[in-house]
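Novice: Which chain is which? The protein sequence lines are V and P, in order. With my numbering applied, the first sequence corresponds to residues 1 to 183, in that order. With my numbering applied, the second sequence corresponds to residues 1 to 253, in that order.
Hints were generated in silico from the structure; no laboratory data involved. Every residue gets a Cβ at the ideal spot worked out from N, C-alpha and C, and that includes glycine. Be aware that a few hints might be false.
Unchecked claim - Quick partial rundown of chain V residues pointing at chain P, CB under 8 Å, derived from the structure:
(1) Leu10
(2) Tyr24
(3) Gln54
(4) Val112
(5) Ala119
(6) Glu123
(7) Tyr145
(8) Val173
(9) Glu177
(10) Tyr179
Claimed, not checked - List time: in silico BS3-like cross-link candidates among lysine-lysine, alpha-carbon distance up to 30 Å:
(11) Lys175(V) / Lys9(P)
(12) Lys9(P) / Lys34(V)
(13) Lys34(V) / Lys22(V)
(14) Lys121(V) / Lys3(P)
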Amino acid sequence: MADFEDDRELLRLFHVEETKEKAYTSIVKKYQEKLYWHIRRMVVNHEDANDVLQNLFIKVWRGLENFREDAQLYTWLYRIATNESLTYIEQQKKRTSVSFDDVSSGLENKLVAEKGFDANKLEWKLQAAIQTLPEKQRVVFNLRYYDEMPYEEMSQVLETSVGALKASYHHAVKKIEEYLINR
Amino acid sequence: MSKSNEIIKELKLISPMMAELESALPYSVPEGYFASFPVFMLAIINNEKFSGDSIDQVEIMPSFFKKEKVLPFSVPDQYFDTLAEDLLRKVKQIEENPKEELKNISPLLAGLEKINPFTLPDHYFETLQPGVVEKPKSEPARIFALGTWKRFAAAAVFAGIILSTVVFYLNNTASSVDSSTKMAVSEKALEDFLLDDNLEIITEPLIEDANNTMVLLDINENTIHEMLLTVDDKAIKEFMNENPEADISNQMN
Numbered sequence: 001m002a003d004f005e006d007d008r009e010l011l012r013l014f015h016v017e018e019t020k021e022k023a024y025t026s027i028v029k030k031y032q033e034k035l036y037w038h039i040r041r042m043v044v045n046h047e048d049a050n051d052v053l054q055n056l057f058i059k060v061w062r063g064l065e066n067f068r069e070d071a072q073l074y075t076w077l078y079r080i081a082t083n084e085s086l087t088y089i090e091q092q093k094k095r096t097s098v099s100f101d102d103v104s105s106g107l108e109n110k111l112v113a114e115k116g117f118d119a120n121k122l123e124w125k126l127q128a129a130i131q132t133l134p135e136k137q138r139v140v141f142n143l144r145y146y147d148e149m150p151y152e153e154m155s156q157v158l159e160t161s162v163g164a165l166k167a168s169y170h171h172a173v174k175k176i177e178e179y180l181i182n183r
Numbered sequence: 001m002s003k004s005n006e007i008i009k010e011l012k013l014i015s016p017m018m019a020e021l022e023s024a025l026p027y028s029v030p031e032g033y034f035a036s037f038p039v040f041m042l043a044i045i046n047n048e049k050f051s052g053d054s055i056d057q058v059e060i061m062p063s064f065f066k067k068e069k070v071l072p073f074s075v076p077d078q079y080f081d082t083l084a085e086d087l088l089r090k091v092k093q094i095e096e097n098p099k100e101e102l103k104n105i106s107p108l109l110a111g112l113e114k115i116n117p118f119t120l121p122d123h124y125f126e127t128l129q130p131g132v133v134e135k136p137k138s139e140p141a142r143i144f145a146l147g148t149w150k151r152f153a154a155a156a157v158f159a160g161i162i163l164s165t166v167v168f169y170l171n172n173t174a175s176s177v178d179s180s181t182k183m184a185v186s187e188k189a190l191e192d193f194l195l196d197d198n199l200e201i202i203t204e205p206l207i208e209d210a211n212n213t214m215v216l217l218d219i220n221e222n223t224i225h226e227m228l229l230t231v232d233d234k235a236i237k238e239f240m241n242e243n244p245e246a247d248i249s250n251q252m253n
């Protein structure tokens, strides 16, 4: 999925003081959209996605110094993006004193507030269905359905077995199907 | 966004309906966001690296990168100029007035009428007699604070008690010594003492003072007889002539 040779070269350039900033900018350019949409599908609105993306790339700047080159940059970035998104949702939940069960309804409300939202359109219905999924299933569905991430790579991102991820994806798809049929 | 064959194949197995869906996202992104994002991030990193400022302090880039910090609220003119003095005045006012204090803490409580909800038996205070109810024994003794004159009075009473006790003890001790002595010296011992040879030493001056005292005139017959033997007849005759009423014949026998 990612160009590993290219990533390795970018990491090498990052560790040279003269080319550090250039390498960093290249990494941001290369992954910003993929990571943005991964985050956006989790937190729903742009402002929140922008906050998380900025925090993510600040952590990347600090963390790349100690990044082990035997790990893939691509999976490492997705892992940070996923964790940052979930942490952000958790913080919002605490700030608004929303109970755990109300998290998905909070995200659905954000969805309704989105520009151009139309409950009758299938694409919006699909997004609404995704927001009703449990946290883990939501992440797995997004990574597989939208990012088309191989299970092996997803296993590295989420530190979960391939079998468990396949099962999660299966359950997620079935739930979404049921949602779309019944509503 | 079109799905790859692998994803479509997998979806068909799980849900054919989902496999037919378009996976396009309905979300929108501000125009130029991705184009300017890398430059924006680099500016943040440099800002943090050189000044240590947080991400919110970076003054660059389009507004969609920054959190909106403009507040829609307004403050009265010169509000902060007099705020400290106003607060101090208010605090003092509150401290001096319990009603004001309560009003500030809880307007609800301050608004309530102070009605006592408790009841007493009829005529409780009229029939209440002090001292009728005994205090429980376990209750600790009360400590009273004494005034200056009360302290002196208490000290005087205490000193009086001590003095009386000492005097009474000494008196008792003296009398008990006398009686013990009386008990110890019998009449026989006294008689022996008087008949002792040494008595002469004592009696001589006593006889000389015979007119002044009657203490030792109770002398037995033998003594008198011996004393008379020492007196010659001529002296006795002269004494008899001078004192004809005296009859010492009995004593001579």
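Novice: All the hints need checking, so say for each whether the structure fits it.
Specialist: Verification of the hints:
1. Hint status for leucine 10(V): violated, given a least beta-carbon distance of 13 Å to chain P, over 8 Å.
2. At a threshold of 8 Å, the smallest CB-CB gap from tyrosine 24(V) to chain P is about 7 Å, leaving the interface hint in force.
3. With a cut of 8 Å, the hint placing glutamine 54(V) at the interface with chain P holds, because the nearest CB-to-CB distance is about 6 Å.
4. Residue-level restraint check for valine 112(V) is violated (minimum Cβ-Cβ distance to chain P is 12 Å; threshold 8 Å).
5. Checking alanine 119(V) against chain P: minimum C-beta separation of about 11 Å lies over 8 Å; hint violated.
6. Look at glutamate 123(V): its Cβ gets to within about 4 Å of chain P, closer than 8 Å, so that hint holds up.
7. Among the interface hints, the one on tyrosine 145(V) holds; its C-beta lies about 6 Å from the nearest C-beta in chain P, closer than the 8 Å criterion.
8. Proximity of valine 173(V) to chain P holds as hinted, the smallest CB-CB distance being about 5 Å (cut-off 8 Å).
9. Interface restraint check for glutamate 177(V): the shortest CB-CB distance to chain P comes to about 4 Å, inside 8 Å, so the restraint holds.
10. Checking tyrosine 179(V) against chain P: minimum C-beta separation of about 11 Å lies over 8 Å; hint violated.
11. Taking the CA atoms of lysine 175(V) and lysine 9(P), the gap is about 19 Å. The hint holds against a cut of 30 Å.
12. A hinted pair counts as satisfied when its Cα atoms are at most 30 Å apart, and lysine 9(P) with lysine 34(V) qualifies at roughly 23 Å.
13. The straight-line distance between the Cα atoms of lysine 34(V) and lysine 22(V) is roughly 20 Å, inside the 30 Å bound, and the hint therefore holds.
14. Only pairs whose Cα atoms come within 30 Å are accepted, and lysine 121(V) paired with lysine 3(P) is accepted, the gap being roughly 20 Å.
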